[in-house]
Every structure is written in C-alpha cells, then in structure tokens.
Amino acid sequence: MSTKNIRRSGLKRKGAETMLFGKENYLLMTIGFVLLVTGFLIMRIENEINGFFSLFIAPWIIFAGFVTFGLGILKKNPALGDTAD
Amino acid sequence: MQIRLLNYGFYFALILIFMLASGPFDKIRILLAFFFSGTLCYISFIFRWLSLDGMKAAIVMGTVTLGLGGWEFTLYLLLFFISSNIIGAVLDAPDNPQELKLSERRTDEQVWANGFWFAFFLCLWFVTDLEIFAVASIAGVAAATSDTWATLIGGYSNKKDVWLISNFKKVPSGTDGGISINGTVSGLLGAIFIGLMTLFFSYSLPLVTAISIAVGGFVGCLSDSVFGSRYQFYKRKLNFFKFQLKPENNLVNWMAGAVGVATCILTYQLLSYAMV
Numbered sequence: 001m002s003t004k005n006i007r008r009s010g011l012k013r014k015g016a017e018t019m020l021f022g023k024e025n026y027l028l029m030t031i032g033f034v035l036l037v038t039g040f041l042i043m044r045i046e047n048e049i050n051g052f053f054s055l056f057i058a059p060w061i062i063f064a065g066f067v068t069f070g071l072g073i074l075k076k077n078p079a080l081g082d083t084a085d
Numbered sequence: 001m002q003i004r005l006l007n008y009g010f011y012f013a014l015i016l017i018f019m020l021a022s023g024p025f026d027k028i029r030i031l032l033a034f035f036f037s038g039t040l041c042y043i044s045f046i047f048r049w050l051s052l053d054g055m056k057a058a059i060v061m062g063t064v065t066l067g068l069g070g071w072e073f074t075l076y077l078l079l080f081f082i083s084s085n086i087i088g089a090v091l092d093a094p095d096n097p098q099e100l101k102l103s104e105r106r107t108d109e110q111v112w113a114n115g116f117w118f119a120f121f122l123c124l125w126f127v128t129d130l131e132i133f134a135v136a137s138i139a140g141v142a143a144a145t146s147d148t149w150a151t152l153i154g155g156y157s158n159k160k161d162v163w164l165i166s167n168f169k170k171v172p173s174g175t176d177g178g179i180s181i182n183g184t185v186s187g188l189l190g191a192i193f194i195g196l197m198t199l200f201f202s203y204s205l206p207l208v209t210a211i212s213i214a215v216g217g218f219v220g221c222l223s224d225s226v227f228g229s230r231y232q233f234y235k236r237k238l239n240f241f242k243f244q245l246k247p248e249n250n251l252v253n254w255m256a257g258a259v260g261v262a263t264c265i266l267t268y269q270l271l272s273y274a275m276v
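Those sequence lines, one after another, are chains A and B. Note that the numbering used here has the first sequence beginning at 1, numbered continuously upward. Note that the numbering used here has the second sequence beginning at 1, numbered continuously upward.
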C-alpha cells in the first residue's frame, strides 16, 4: 500500500504519527478536572463544614473527578494498537 | 488486559485512601508523589527504560510508594532498582555492551510481578497502621532483590556448576529452576541487604524485623527456583478451579513473592512471640 493510499484509507503509521494520549484520554482528563474544580467550588460557595452540599454532594463529585481524571491517564489510546513502545 | 486491571485497582484504592483514610499532610504528600512519580516515569519512558504500559504501572506504583510509604519505602524500592541495574550493567558490560539491562524497556508485567506485594501490603499498612504489614511489604522487595541478585550474579559467575532445584541434576546455566552456589549466596546477601536497611529506621522490634525480612526474601528467592523448575522447566500447568494457567517468568516471580511475604509474616509472628 503506497503512502498516498495509507493516508486516503485513514491508516496511520504506529509510533510516528500517533500521540501518547488520544482524544478520548484528553476528554476524560478535562471532564475529571472540571468535576474536581466543581466539587471544591461547591464546598467553597456553601462555606459550611456540616452543610448538606459539603457533606453529601461535593465529596461524590470530587470522587468522580479523581476517577475520571485517572481513567484519562490510564486508558490506553486505541490508535497505539498492541505495541506499548 | 488483566495486568492493566491492576493499575485501575490500585488507582481506585489510592483514591479511596486519599479521600477516606488520610490526613491533610498525607493528602499533600500523595498529590506530590503523583506529580513526582509521573514526571520521573515519563522521563523513563522517553529514555526507553519503561514501555507505555510499564510507565502507567510505575506511576501508580510510585504514587503508592512515595505517597503512602514516604521516603523510607521509596528508599527500599530505589535500592532494589539501583542495585539490580548496577549489577546487571556491570556484569553484562564486558561481553555484550549493546545489551545492557538499563537499555531494556520494563513492562507493566515486570513492574507488578516485582512490586505487587510491596504495594498491596503498603496500602494495608497505611489503612490499618499495623507494623506487620509494613514488614511484609518490605519482604516483597527483599524477595525481588534476592531473586534478581541471584539470577544476575549466579548466571554470570558460574556457568558449569548449576543444578535443578527439584532433583539436583546438572543443567546448563540460565535454565529456569537452576541453582548454583554463587547464585544462592548472592540471593541470601540480597535479602540480608534489604533486611539490614530496616535497622536504620525505627521499628518496635528492629532485629526481629530485619531477620524476618531476610528470611522471607531468601525463601521467596528459593521458591522462585522451585516454581521455575515446576512450571517453566517441566512446563507443568497450574490448575486453579476451572482455570488452567501456564505460568511464565513474571507469574512465577509474583508467586515466589507471595511465598516470601507469607514466610516473613510467619517468621515475624513466631520470633516476636518468642521474644515476648
């Protein structure tokens, strides 16, 4: 398959053009970061240690933020294929 | 894929510990550990010391080690890596300079085969604050160090007198399950080396701790040869309920680590009861 055909068919050479993190990874990391900021912001806005949002809502949002952010890092970019190098 | 699940599992455990079982200073340390190990592992990836999956496993492992264990546990892990790499590089250098151990990429399987028990018991120790788990964690590193020293030094120094551990028949050097006098002594020294390092830190029973770790590490090294002989040399399969596994080197290392850690816990309990 010539280079022209490879480009036309959408195939990429592994390692040369593939990024370490794909679009999905960056999306997950962004969502995670937004969730973390939202969680802490909710606590700051309520500004009460024993408040309803500070005790029952914000911790879960922050937890979801950490999970999503980590998934963004750990999830393998499918474009990299089986080669981990 | 199964190995990748370990990354997710330990990461999830880290989040739970971070949110539920750590104080303010611990939280800062865990976050700093994440950034520090992330940077270091990324550099290692760039320099081709770690594969991509190996880098992710090492980030999780580094965060657990530095974040939960602090500098003391990081030191044990660094001693294992640095000593193994130096011995590997020094012994390999004269014959084949192109194949230095340092230039090989470590995979996630290798990271978890040597570090699973260390990270697992470190998490348990952090949550429960029981010293026995800290000792067991260090025994995991001692077993990995002992096995690596034995393999590297034994494989290099003695090419003739190597026997299979299961029946003591002579086998070529480098055979799975083969043992030599030099290799066994090196393994013992590796385990004692990590055990002695604990004397620099405060434990309630320092000598018992050091002896248990040395014993556990050395037994782990010997059981690596036993498992290697059974599953790699004789190519037997491991039956686990309905599953049939064909253990290769990393799984054998992991199982040997489990035996080493269990021996260490048993020795620690027996010696501490004998002392009190």
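Worth flagging that the hints you see were computed from the coordinates, not collected in a lab. Only a predicted model underlies this, so the values are computations on that prediction, with no experimental measurement involved. Idealized CB from N, CA, C, for every residue including glycine. There could be a bad hint or two in this list.
Restraint-style ranges between C-beta atoms, simulated for each label pair [unchecked claim]:
| hint | chain 1 | residue 1 | chain 2 | residue 2 | range |
| --- | --- | --- | --- | --- | --- |
| 1 | A | 50 | B | 205 | 37 to 45 Å |
| 2 | B | 86 | A | 20 | 27 to 35 Å |
| 3 | A | 23 | B | 189 | 25 to 33 Å |
| 4 | B | 32 | A | 53 | 45 to 53 Å |
| 5 | A | 20 | B | 26 | 47 to 55 Å |
Below are the DSBU-like pairs computed for lysine-lysine, each with C-alpha atoms no more than 30 Å apart in a straight line [said to hold, decoys possible]:
| hint | chain 1 | residue 1 | chain 2 | residue 2 |
| --- | --- | --- | --- | --- |
| 6 | B | 169 | B | 242 |
| 7 | B | 169 | A | 75 |
| 8 | A | 75 | B | 170 |
| 9 | B | 170 | B | 242 |
| 10 | B | 27 | B | 160 |
| 11 | B | 159 | B | 235 |
| 12 | B | 237 | B | 169 |
| 13 | B | 242 | B | 160 |
| 14 | A | 76 | B | 160 |
| 15 | B | 246 | A | 76 |
| 16 | B | 235 | B | 160 |
For this session: Return holds or violated for the Cβ distance of residue 23 (chain A) and residue 189 (chain B) against the range 25 to 33 Å.
Result: violated (51 Å)
Exercise. Per the hint of 27 to 35 Å, is the separation of the Cβ atoms of residue 86 (chain B) and residue 20 (chain A) within bounds?
Worked result: Cβ of residue 86 (chain B) to Cβ of residue 20 (chain A): about 30 Å, so the range 27 to 35 Å holds.
Exercise. Regarding the pair residue 169 (chain B) and residue 242 (chain B), is the alpha-carbon distance no greater than 30 Å?
Worked result: It is violated: about 34 Å lies between the C-alpha atoms, which goes past 30 Å.
Exercise. Holds or violated: residue 246 (chain B) with residue 76 (chain A), Cα cutoff 30 Å?
Worked result: holds (26 Å)
Exercise. Taking 30 Å as the top limit, are the C-alpha atoms of residue 242 (chain B) and residue 160 (chain B) close enough?
Worked result: violated (41 Å)
Problem set entry | residue 26 (chain B) and residue 20 (chain A) - C-beta distance against the hinted 47 to 55 Å | violated (30 Å)
Exercise. Is the hinted pair residue 235 (chain B) and residue 160 (chain B) satisfied, with a Cα-Cα distance of at most 30 Å?
Worked result: Given pair residue 235 (chain B), residue 160 (chain B) holds - Cα atoms ~23 Å apart, limit 30 Å.
Exercise. Has the hinted range 37 to 45 Å been met by the Cβ atoms of residue 50 (chain A) and residue 205 (chain B)?
Worked result: 43 Å Cβ-Cβ, so the 37 to 45 Å window holds.
For this session: Decide if the proposed pair is consistent with the structure: residue 237 (chain B) and residue 169 (chain B), CA atoms, cutoff 30 Å inclusive.
Result: Judged against 30 Å, a Cα distance of about 22 Å means the pair holds.
Problem set entry | Straight-line alpha-carbon gap residue 27 (chain B) to residue 160 (chain B), limit 30 Å | Status violated; Cα separation ~53 Å.
Exercise. If you draw a straight line from the CA of residue 159 (chain B) to the CA of residue 235 (chain B), is it 30 Å or shorter?
Worked result: Since the Cα atoms of residue 159 (chain B) and residue 235 (chain B) sit roughly 23 Å apart, the hinted pair holds (cutoff 30 Å).
Exercise. Keeping to a limit of 30 Å between CA atoms, is the pair of residue 76 (chain A) and residue 160 (chain B) held or broken?
Worked result: violated (45 Å)
In summary, the structure is inconsistent with hints 3, 4, 5, 6, 7, 8, 9, 10, 13 and 14 from the numbered list given earlier, while agreeing with the others.
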